[in-house]
Amino acid sequence: MKKLKYALFTGCTAKQSTPEQYMSTFAVAEKLGIELIELVEASCCGASHLQDYDDFLSLVLNARNIAYAEKHGLTMVTICNTCQLNTAMTKHRLDNEHGLKEKVNAKLKEIGLEYKGTSNIIHFLYAIIDDIGLDKIKEMVVTPLSQFNIAPFYGCHNIRPSELQNESHKKAENPYNPTSLDDLIKACGGVSVDYKEKNKCCGFHVELQAPRTASILTGNAIAGAMDGNADWMVTPCPLCHLKLDTQTHHASVAIGREVKLPVLHMQQMLGLALGCSHEQLGLKHHLTKVDFI
Amino acid sequence: MSTHKITTQKVNFKVFRFNASEDYLPYYEDYNMDVTSEEVVLDVLNRIKWDHDGSFSYRRSCRHGICGACAIKVNGRSTLACKERMNDMIELFGNELTLEPLSIKRAVKDLIIDKGDFWEKHDAIHPYLISDVDEHPEHEHLVTPEEAERLLEADLCIQCGACHYACPVVEINEDFFGPAAFAKAYRFEADIRDDALDKRLLHLHEEKQGLWDCVKCFECAEVCPKDVNPIDKITKLHQMLFKEGIATSNVATRHAVGFKHSIARNGILDEGGLVLYSEGLGIVKHVPVALKMFVKGKIVPPWALTKSKNLDEIKKLVKSSSTAKF
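Chains as they are written, first to last, in the numbering used here: chain A, 1 to 293; chain B, 294 to 619.
In short, the hints are calculated from the structure, not lab data.
Each pair of labels, with its calculated beta carbon distance range:
id	chain 1	residue 1	chain 2	residue 2	range
1	A	K71	B	K398	49 to 55 Å
2	B	Y421	A	N166	35 to 41 Å
3	B	D605	A	R257	49 to 55 Å
4	B	N388	A	G112	53 to 59 Å
For lysine-lysine, the following DSS-like pairs were computed, each having C-alpha atoms within a straight-line distance of at most 25 Å:
id	chain 1	residue 1	chain 2	residue 2
5	B	K612	A	K71
6	A	K289	B	K585
7	A	K15	B	K600
8	B	K578	A	K260
9	A	K71	B	K609
10	A	K109	B	K600
11	A	K260	A	K196
12	A	K101	B	K618
13	B	K609	A	K109
14	B	K608	A	K71
15	A	K196	B	K398
16	A	K284	B	K589
Idealized CB from N, CA, C, for every residue including glycine.
The following block holds chain B by itself, in its conformation from the complex (with noise of 0.2 Å):
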């Protein structure tokens, strides 16, 4: 018999209403409730639709955290229900806790989104393998542990559109694929058997809102539930493109390429040769700024530049450890 003792806290829960077809605005309602330390957040919309309101509405399916269904907003925070521990939910934000749809925007009823936006940049990508098959193979396509390891876990994905309701720039820029696209376009990318390669990536490198726009805030990888930590994911393409020689000449690849050349020449960067590189013309947008800069003394002129110590070590390193080429 196990000796673990089932404690109970008392918890209000604030839950976001709201029924398209009759609401107006959306509204919350208070539950407060007994809260064992047994139960995860499913838990808990489960007592409040069997218990409180049988109206309230919410997705679910196989409470095993495989399907991707029932990610939820606790405090902000993207989760899956079914797998999110209450206890830990009441340790990270206390015992007032707001439940709220992944995106309020695409609220349709109570905890239920349209999802769609999600769907449209996951088909986007071409989310399934691409192949030149054999109609009359003569043996298996085996794929050694190695090279299914170069898929790092990206495979894990469940769709449950934590990382993408997440993203801050896709709050912001609808055109922008969104973690979850990405990380699901890496997964195919690093897949032996896909020979898609170029074509997919050409497709992300092209779309104007897409692979450079993500501001590197980690909030995907934080927030997702499979550990398939999307942004790195996302620097992985990056890096692809470069290698596969399909990066072009833009602000953003020129910027990435930039630090190296500066890093070259300084060691420590030289800020403002750095933005002429990346936006070559377009750094007459930067002038009027860059001069009230100058007068409160925050551009230090090329010739007054400090270099890092002992820099001959560095342009060394550059020259022995580079592996890019644009």
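Isolated chain A, as found in the complex (with noise of 0.2 Å):
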């Protein structure tokens, strides 16, 4: 089988807040006999914010970020939700939108760039069931995972809206009843947790200005996993992870109830059962200690 390659788009957050999802990223591509090129051009996303101010220009410099992928050939795979989002819908405008494209392109011709729209973007969650493939996966695991019970927290940027994954992957996930993080927790030999929440919004992006909002969001979806008899949490999105590791305080008093659980990034799930280190996976970088191991 021809080796994997693909463009990485790691975000900001794995560049500073997550370190530990940056280092189990690459441990994991490793394992699974994946090359990642990492984007060191790209720049922040916009997060959504920056759309809310200036949708131009945040168009402009997604599409820079998606223009490296295509330089290098590679499909641009990305470790955040929000990533994920602000990039599939650029290039779901700029193939879409009339006129857009050129537009966009004038501005990045300054800078000797263009946008062609031949780089697929998918988040690596997908990228490895539909390139790997679970079976695949399952057979490479070398500590099954199975005494834990585990809660997926999908992220809302990954799922919703539902018409970019139609664009993005093979099997497009259903936002409602969504598998992809549940399949893979049990190809890791795990026990996967279902929830109400596990779907839901962690209320990461009014963490500033709706302080309240947030930690409630936050603590449902922590008491959630808990009321599941889930040992610890997993999910693809390091902004969520920011949310139900770091700020269990803030959700335990919003919400009247101590909440806590231990949350791993999806790499370092996965890196766990294929058998990575715990120095490779930066377990230590969490707040919620992950005392499981």
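Got two chains here, each in a separate frame; can you build the complex from them with the hints?
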């Protein structure tokens, strides 16, 4: 089989507040035989906030990021749900809105780049499932996570809006009944926990302007996982991870109940099952101690 | 003659039952039914009432996706009963389906809710054209097709409430206007005949729990039976605030603008710098968590920040492609 190769858009969080996600992405890629070319030229995707201020600028910046992936002739892989949303949304609009591509390319021309629309944009979770397959992953597991009840937390921007899902990967996820992360948990040998909040919002995007709303959503998510007898949670989104891992105090106060569970990035869970070392997976960088191993 | 074959499936419906004037608590009643591939959800509601229990209550009227009366929740998903095909629901959720009102806490009788909060929010955004009309006009006020397109189909909203009761912020914060009201506000803001521009926007902006509290979860876009895409309209209203010079400095507006400054400086974000820019002195409340994060190696000090490669390109684009001012 030809070696898989992707252009990696790390986003900002993996470079700063979730270093463990950056490390574990490369550790897991190595185990899976995936080559990742990091797009070191890429800028922030705007995180849906720049989009509230200057729509055109955010399109141009995201088109520039995609143009670098196209230059490599590779599929762009994201490791943050919000990066996925904003990059895939940019592609969707440039490919469909009349005249927009030309306007954006006029700007990119100033720096010698062009958006062509040749690279697919896909989150790492779906890239693994599509291109390697769950059966193959199952075969590669050396340390099955069979003693754990694991609560999947999908994160909004990977599953909604579903029209972007349809464009980026083979078997589009149903946002009301998502299965990819559950399937990955099972492939790693774990037991996936079903709970109502697994496809709900963590509140990250209003943490500064509406802290109470944000904290209640975070609290509800962790509480739902705890009530489902989860030993820990897993998420493909570093922004959800930040909320669930670092904001447990505010979340507990907001919902009037002590909530706390270790939360792993999807790469860390996979890494544990594939036999990566704890150092490689950066497990010491969590605020809520990863105490189950 | 059509050769389309009608198929039948067995479905177990768990149906929410409650009579606010008699029952202390709601309960669920089971109905096992054969459902044909021709039916929509409303057909099932009708059959429950006509064949099983005449007291079963729900709202219905046009059965053509126009009146917006029959929105309910199927397995937690807001849906317009007269438009949603049963086959699609079975494909989505399987053969065990739970039928509930849009909001359980607002249930009055079975699937009927008190939609008062929805209409209050709707009223609050002045959902009508505000215009100084000449009492003796000499010609019609014509709207070109291009100008009509600016509404982005926000005028298709049928006020069914599917998005309002799917919104997690509405659930938590009863002051939040909600996606339907905001989409309606956009519908009039984008209308060239409307003169209220500043007034309506100012009102939305000033409401403490208003426009900037959207969590960007896309639940509203996903459930809308008319593809109004309310979150897109909320984003457009945010952009209008800046464009019309109405946006004032607060945590949310500084946060949006802060991304541009951070990108212009580093390419990728300076997360700490962004929070400082957004919060100002309010950053003090983040210090306890920030300290813990620093100890765990989750905060990169300003002097050690990575910058994007070819930063000069990003700086150039920020200069040449910026379209908004603050």
